[in-house]
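> Sequence:
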Amino acid sequence: MAYAPAEVSGVGLGGLVALGLLVPLWGRPRRDAEGALAVLARAGRFCYAAYDTGLDTVAGISTGTVAGGEVHEVVGRLFATGDELGRAAGPVDHARLRRGLRPAGAGCLTTRRRSVCGGKAYEPLTIRRRTVAGRARGRTVGGMLILVTGGAGFIGSHVVTALTGAGHGVRVLDALLPTAHRTSPPIPDGVDWRHADVRDAAAVAEALQGVDVVCHQAAMVGLGKDFGDAPAYVGCNDLGTAVVLAGMAEAGVRRLVLASSMVVYGEGRYECPSHGVVRPGPRKVADLDVGRFDPPCPRCGEPLAPGLVTEDAPLDPRNVYAATKLAQEHLACAWARAVGGRVAALRYHNVYGPGMPRDTPYAGVASLFRSALERGEAPRVFEDGGQRRDFVHVRDVSGANLAALDGLSGLPEGTARAYNVGSGEPHTVGETAAVLAEAHGGRAPVVTGEYRLGDVRHITASSRRLRDELGWKPQVAFVDGMTEFATAALRAG
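Take 1 as the starting number for the sequence shown in this note's numbering and just add one per residue.
The set of hints was computed from the structure by calculation and includes no laboratory data. Beta carbons: idealized from backbone N, C-alpha and C, even for Gly. Among these hints, one or two may not hold up.
[Unchecked claim] Restraint ranges, calculated between C-beta atoms of paired labels, are given here:
id, residue 1, residue 2, range
1, 167, 226, 39 to 47 angstroms
2, 449, 252, 50 to 58 angstroms
3, 209, 467, 34 to 42 angstroms
4, 209, 475, 12 to 20 angstroms
5, 314, 186, 36 to 44 angstroms
6, 471, 425, 16 to 24 angstroms
Take the sequences, apply the hints, and build the full model.
Below you can see the structure in the form of structure tokens.
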């Protein structure tokens, strides 16, 4: 009798991957499925639990020894009928199995959510039904299936390329909003494409089927034109995130990489010679109107020295977009606690690179400079050009997503961990415009003295946590990246 293989996935605490030798359980009597689990338990002294074996999923725990060695990885699939394994297993205490307990004398208590054996805790595996063809749509052999929301966008498309290059299957969900996409983007080969909005609960639920991890990039970005954009920002960014998280909770997807932003900090880190590290408030219009752009010490009024902001800095969003990004992080934290999920929130700093959108209020400053040069105009630099930013290449950002994906398994259940994604090297906006103009062979920048309410003066990142914990480091140097970007293709939208 032929059966489709059962796909086994799951990561144990401390980075252990649980053993996955289970059989196709759908359409089989409960006794057969429980007998199959019993064989594994007796052969390798495994902790195990069986639940809902008449449905599509079974929770199982596996840890112990096989041939004298502790099991640390998935070692294969088992192709056999439940009848064969049931006969091999012999009598099974079905009542105890249904209660999620190992047979008497094993000395190991297993619950639906976790198993504790010898002082170590392990998570349940999920066994998803597969088609006879043996592959869920979008999945690659040996890789995970990852849902990338906003995968057609500037950063999202680079993340998709990095994920497929790493051997993962990718499913993209993108609404192609006109503010970000004036033309339809190309669809990479092998990517499962879904044209839908993250606020569409039914579409999100369908897209989550069979998914291992969600990489949530979808967002309305930029400062916008005025506060009248607030409903659109909150709808896209916060309602959309809530719908995705609710769908993940229902689908049993417990790992999330969230695209956050440096804007959650407000102003960066400042130090006063007399009062140490201080937090200046929002800059005053009266000061900006007369060209006083640097915030003074809120205690003594003296000039401040800017530094690198770390993830434990106070969060102080200064505009609607920033408020929605912080709300995304709060929603993700609440979700992780509620379901035992794991979240890596990547706080992107000023991302640039090929494929940036051009000529929109939502484009980044580097893209606006690049577009001006392309039109034969001088880049217009606001304020005095001395505002400091941390420019990070989009390829390095996609690499940070890969590092976060790999690092999720090391986080405890119910944890959300923030990571700055930046170069750690401050560069002024005026310097950036000058490098781009020289590389493009265009007109020199013009410093206008104009300003935008809600802009911060200085914000540059310390990415030490990302480097130390996940092994990431930027590969593209500032001048090299900007020189490439000066003539790189931009997207119309």
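> Now, for every hint given, state plainly whether the structure supports it.
So, going through the hints one by one against the coordinates:
1. 167 to 226: 39 to 47 angstroms: holds (45 angstroms)
2. 449 to 252: 50 to 58 angstroms: holds (55 angstroms)
3. 209 to 467: 34 to 42 angstroms: The hint (34 to 42 angstroms, Cβ to Cβ) holds, given that residue 209 and residue 467 are roughly 36 angstroms apart.
4. 209 to 475: 12 to 20 angstroms: violated (35 angstroms)
5. 314 to 186: 36 to 44 angstroms: The hint (36 to 44 angstroms, Cβ to Cβ) holds, given that residue 314 and residue 186 are roughly 42 angstroms apart.
6. 471 to 425: 16 to 24 angstroms: holds (19 angstroms)
When held up to the earlier numbered hints, the structure conflicts with hint 4 and nothing else.
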